[in-house]
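A.B. asks: Line order of the protein sequences matches chains Y and C. FYI, the numbering for the first sequence is 1 to 303, going by my numbering. FYI, the numbering for the second sequence is 1 to 536, going by my numbering.
Worth flagging that the hints you see were computed from the coordinates, not collected in a lab. Treat the numbers as computed from the prediction; the structure is a model and nothing was measured. Just so you know, not all the hints are guaranteed correct.
To be verified - Just some of the chain Y residues that point at chain C, by a computed CB distance under 8 Å:
(1) L52
(2) V56
(3) S59
(4) N63
(5) L67
(6) G126
(7) G127
(8) G240
(9) Q244
(10) V245
(11) P246
(12) N259
(13) L262
(14) T263
(15) G264
Said to hold, decoys possible - To spell it out: a stretch of chain C is covered by chain Y in this simulated footprint if at least three of its residues, at any positions, have a beta carbon under 8 Å from a beta carbon of chain Y; those stretches are:
(16) 271-281
(17) 401-410
Yeah, the Cβ is synthetic: ideal placement off N, Cα and C, and Gly gets one too.
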Amino acid sequence: MEAGRIAATQLPRTHVLGRWARAAGRVARFIAHDPALLTAHVLLGVLVLLALLGNVFWSHDPNTADLNLALHSPSASHPMGTDSLGRDVFARFNQGARISLIIGAIVVVAGALLGGAIGVLAGTFGGWTDNLLMRCMDSLLAFPPLILAMAVTVGLGVGLKTATLGVILTTIPFYARLCRSDVLRVRSLSFVEAANALGARRGWIMLRHIVPHLTSTLLIQSAAVFGYAILSIAALGFVGLGAQVPTPEWGSMITDGLNNVLTGGWWIGVFPGVGVLLGVTATSIVADRARDIFDPRGEYLRF
Amino acid sequence: MTARRKFGRRAIPAGVLLVAGLTAAAFAFTTSGSAARDAGGTLVVNINTGPATIDPRDMTSFFDTIGLNFYVRLMQYGTKPGPAGTQQIDATHMKPYLAKSFTVNKAGTVYTFKLRTGLKFPSGVPVDAKAVKCSYERSFAGIGAYFLEDGIPGNLKSVAAPNPSTVVLRLKQPDPSILQGWAQPSSSIIDCAAEKKEAKTWLATHEVGGGPFEMVSYQPNKQMVLAARPSYAAWAKANGLPVPRAAKIVINFINSDSTLLLQARSRAANVTIGLAKQSVASLKGNGNVRIGAYPTTIQEQLLMPWDRAPWNNKKFREAMTYAVPYQQIVSKIAYGYGKLYYGPLPPLMQFYNAALSKPRAYDLTKARQLIQASGLSTPVPLTLTIDEGNTVHQQIATLLQSIWKPIGVNLTVQTLAPADYVGAMFGFKVHSAIRYDGPGVIDAGYYLGYDMRTTVVGIGKNINLMSIPAADRLLDKARKSLSNATRQKLYNQITTLWRANSPKIIFYNDVATVVLSKSTKSFTYYHEPDMRSWGT
Numbered sequence: 001m002e003a004g005r006i007a008a009t010q011l012p013r014t015h016v017l018g019r020w021a022r023a024a025g026r027v028a029r030f031i032a033h034d035p036a037l038l039t040a041h042v043l044l045g046v047l048v049l050l051a052l053l054g055n056v057f058w059s060h061d062p063n064t065a066d067l068n069l070a071l072h073s074p075s076a077s078h079p080m081g082t083d084s085l086g087r088d089v090f091a092r093f094n095q096g097a098r099i100s101l102i103i104g105a106i107v108v109v110a111g112a113l114l115g116g117a118i119g120v121l122a123g124t125f126g127g128w129t130d131n132l133l134m135r136c137m138d139s140l141l142a143f144p145p146l147i148l149a150m151a152v153t154v155g156l157g158v159g160l161k162t163a164t165l166g167v168i169l170t171t172i173p174f175y176a177r178l179c180r181s182d183v184l185r186v187r188s189l190s191f192v193e194a195a196n197a198l199g200a201r202r203g204w205i206m207l208r209h210i211v212p213h214l215t216s217t218l219l220i221q222s223a224a225v226f227g228y229a230i231l232s233i234a235a236l237g238f239v240g241l242g243a244q245v246p247t248p249e250w251g252s253m254i255t256d257g258l259n260n261v262l263t264g265g266w267w268i269g270v271f272p273g274v275g276v277l278l279g280v281t282a283t284s285i286v287a288d289r290a291r292d293i294f295d296p297r298g299e300y301l302r303f
Numbered sequence: 001m002t003a004r005r006k007f008g009r010r011a012i013p014a015g016v017l018l019v020a021g022l023t024a025a026a027f028a029f030t031t032s033g034s035a036a037r038d039a040g041g042t043l044v045v046n047i048n049t050g051p052a053t054i055d056p057r058d059m060t061s062f063f064d065t066i067g068l069n070f071y072v073r074l075m076q077y078g079t080k081p082g083p084a085g086t087q088q089i090d091a092t093h094m095k096p097y098l099a100k101s102f103t104v105n106k107a108g109t110v111y112t113f114k115l116r117t118g119l120k121f122p123s124g125v126p127v128d129a130k131a132v133k134c135s136y137e138r139s140f141a142g143i144g145a146y147f148l149e150d151g152i153p154g155n156l157k158s159v160a161a162p163n164p165s166t167v168v169l170r171l172k173q174p175d176p177s178i179l180q181g182w183a184q185p186s187s188s189i190i191d192c193a194a195e196k197k198e199a200k201t202w203l204a205t206h207e208v209g210g211g212p213f214e215m216v217s218y219q220p221n222k223q224m225v226l227a228a229r230p231s232y233a234a235w236a237k238a239n240g241l242p243v244p245r246a247a248k249i250v251i252n253f254i255n256s257d258s259t260l261l262l263q264a265r266s267r268a269a270n271v272t273i274g275l276a277k278q279s280v281a282s283l284k285g286n287g288n289v290r291i292g293a294y295p296t297t298i299q300e301q302l303l304m305p306w307d308r309a310p311w312n313n314k315k316f317r318e319a320m321t322y323a324v325p326y327q328q329i330v331s332k333i334a335y336g337y338g339k340l341y342y343g344p345l346p347p348l349m350q351f352y353n354a355a356l357s358k359p360r361a362y363d364l365t366k367a368r369q370l371i372q373a374s375g376l377s378t379p380v381p382l383t384l385t386i387d388e389g390n391t392v393h394q395q396i397a398t399l400l401q402s403i404w405k406p407i408g409v410n411l412t413v414q415t416l417a418p419a420d421y422v423g424a425m426f427g428f429k430v431h432s433a434i435r436y437d438g439p440g441v442i443d444a445g446y447y448l449g450y451d452m453r454t455t456v457v458g459i460g461k462n463i464n465l466m467s468i469p470a471a472d473r474l475l476d477k478a479r480k481s482l483s484n485a486t487r488q489k490l491y492n493q494i495t496t497l498w499r500a501n502s503p504k505i506i507f508y509n510d511v512a513t514v515v516l517s518k519s520t521k522s523f524t525y526y527h528e529p530d531m532r533s534w535g536t
């Protein structure tokens, strides 16, 4: 009896681990078979590497100005050149990558938690709770996202923190709407009805049976939001509402570069621009393929 | 093959075609711009900022004073040969304009002007003594009074028009530079009867002058079109005054430096004003343009409000004046368009003493020692306010942030929108700020009257909140003196006192740059854009 109980509890675990291992293998094969997805992962890997270890293998201080080195074109000593104040653009690029990736992660996590919670509450409880929460989300959706982020930033005081808050706010309604529609779908499935019939509390059903089914939706949306966050922070930085001097954020670096591009100093703005382009493109490809993986009607499941 | 990949195959050639199309369109736009200008013979002036108002009573900035082209004044600035075959302002030689001649009494307090006759406003009303009197009285209601009285508020005791061709102006105290006050845009002669028929703010966007140009159209912050006024041209010719050289002037207000640069390069503009120094420097050697560089009385400076720590510590102020790489700033940030000095009066100003105004050296060791001697504990926190969009200020602030950290000064840069920046400065709310400023009247007394004097009528205090009472007393004496030798002596003493107090940092004295197309044959640089002599 005792042994039987142990076996009974171990079986599903093994089953789950096996399922995860199979899924991981399938994802790895999937990545290896898709050149675009492989490239996207390599690019993201490089950016993460530069962000994490850039200041270890490249010791230039991103904020130290030396006018004697101003506007040096890319060379072995300065792979991405120097800006108009003689600061090393590569060191600033690495620091910018760190800022962009950290903010992207913060926006994804905060947006998913807040938006997801709102969507789950609205979908699970329905009625006036649903109405109230969704009308709030509709009102946020009424504004173009970047304009809303700019308004929040200006209202709370220009800076990287407020810009991040602004961007988070713009992602919440998208998470909320998606999660709510998923909750409504899952709520009508038979296992939820069974739990209801057995007398389970709504809170328990929500956490135990509904939320786990939102994982794929949240993952797909998060991948898309990550790229959006990088782009939005860069856009806010570009118009002077994001990072303030001397913070080497990609958007503000592009603005700096704009002043130099026609006078010969193309490298100041081009490299951070390429950083934004690659970061956003890579995350978009990942998001796109993630949708294919989790979409049961998608062709990629056939491999 | 997936639909996405098919899309990719189609999208790439489509993208290439799009880029090619846009490039061709941009090229066509540039070419057509040049062609239109060459064919029409119209003078195109590109300026980086539009005027906030063109009402003579309220004009303050360089950009506002575009409005002076619609009016005449009693006096005008003289000119002298400038660089690149152009002419430039000579503030030491004032010349009559609407006035034919003038006399001044021995005490220097009564000026009697005999006016030229025959000039009329578009309404048919003559531009005469009555018009001068009512225009001056109107300007007294605005900020224009400060310019009209050469920065000595209340000094203009009366304006009388005993007959249509005579104006008598009485002063309370003599002021040797008052003639500049009467050449200021605020002293423009307007058609008062026409102005009174309109709403209060109407003149901010319209004109009621009889001057060299009339307004054809005006879209604030976009474009203003001027046409030479035939009645003025006839009058000027008859009176031996310069006739407007351009029949039509199109003034474009373009905020983007890149656009200004591209248009200057492609000869789409005859005159480009306000181009960043870096962009100007990039045009050196370009056969399509000439670069005019003109000394000004404007400074890039760092304000150190004396009433707050740490700027209330004289040793600390002195220390920071040695912690600035002046020469590097001039060569790498101002691209050579700046002159170094350290004193109360800029080099172009009369009574400037070069021997007493030598620039401070860049000496971080000395700065560190002075900070130690100041008794302040390091790191010293400082907040430096700059205006958004001003690349030069941002570059200087970032540079100082990097240089001052090792000597124990932690600088935080605060960037404010232009309106907030001005509000914070004139509200005396900044901890320190970088400011680009120079006087409208090119006179030592006028300049120090608002820049150094402890109390300033109108705003209460000077913007740096400095106070050197002994220098104030010397300034008051200098402003009343009619002897140049005495004034020189007094200004020398002021310079010595000023330097001993290290009241602020002067990064450099600005050299204004104007980019002229090859076809622009005639140009005179004034500190206010008087366009009479501009033409192809």
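A.B. asks: Should the interface hint for P246 of chain Y be scored as holding, given a Cβ-Cβ cut-off of 8 Å against chain C?
C.D. replies: holds, 5 Å
A.B. asks: Would you check whether L52 of chain Y satisfies its interface hint, that is, whether its CB is within less than 8 Å of any CB in chain C?
C.D. replies: violated, 25 Å
A.B. asks: Is the shortest C-beta separation between N63 of chain Y and chain C less than 8 Å?
C.D. replies: Hint on N63 of chain Y: holds, closest Cβ of chain C at ~6 Å, below 8 Å.
A.B. asks: Are at least 3 residues of the region 271-281 of chain C within less than 8 Å of chain Y when you compare beta carbons?
C.D. replies: Check passed, 4 qualifying residues.
A.B. asks: Holds or violated: is the Cβ of Q244 of chain Y closer than 8 Å to a Cβ in chain C?
C.D. replies: holds, 6 Å
A.B. asks: For the hint on S59 of chain Y, just tell me whether its beta-carbon gets within less than 8 Å of chain C.
C.D. replies: violated, 16 Å
A.B. asks: Does G264 of chain Y meet its interface restraint, that is, does its C-beta lie within less than 8 Å of any C-beta in chain C?
C.D. replies: Since chain C brings a Cβ to about 7 Å from G264 of chain Y, closer than 8 Å, the hint holds.
A.B. asks: Using a Cβ cutoff of 8 Å, are there at least 3 residues of the region 401-410 of chain C near chain Y, or does the coverage claim fail?
C.D. replies: holds (count 3)
A.B. asks: Does the closest beta carbon of chain C sit nearer than 8 Å to the beta carbon of V245 of chain Y?
C.D. replies: holds, 5 Å
A.B. asks: Checking hints one by one. Is N259 of chain Y an interface residue toward chain C, by the C-beta closer than 8 Å rule?
C.D. replies: Cβ of N259 of chain Y sits 5 Å from chain C, so the hint holds.
A.B. asks: A closest beta-carbon separation below 8 Å is what the hint needs, so does L262 of chain Y meet it against chain C?
C.D. replies: Holds - the Cβ of L262 of chain Y comes within 8 Å of chain C, reaching about 5 Å at its closest.
A.B. asks: G240 of chain Y was flagged as interface toward chain C. Is the shortest Cβ-Cβ separation under 8 Å?
C.D. replies: With Cβ-Cβ at 6 Å, under 8 Å, it holds.
The structure fails to meet hints 1, 2, 3, 6 and 7 from the earlier list, while all remaining hints are met.
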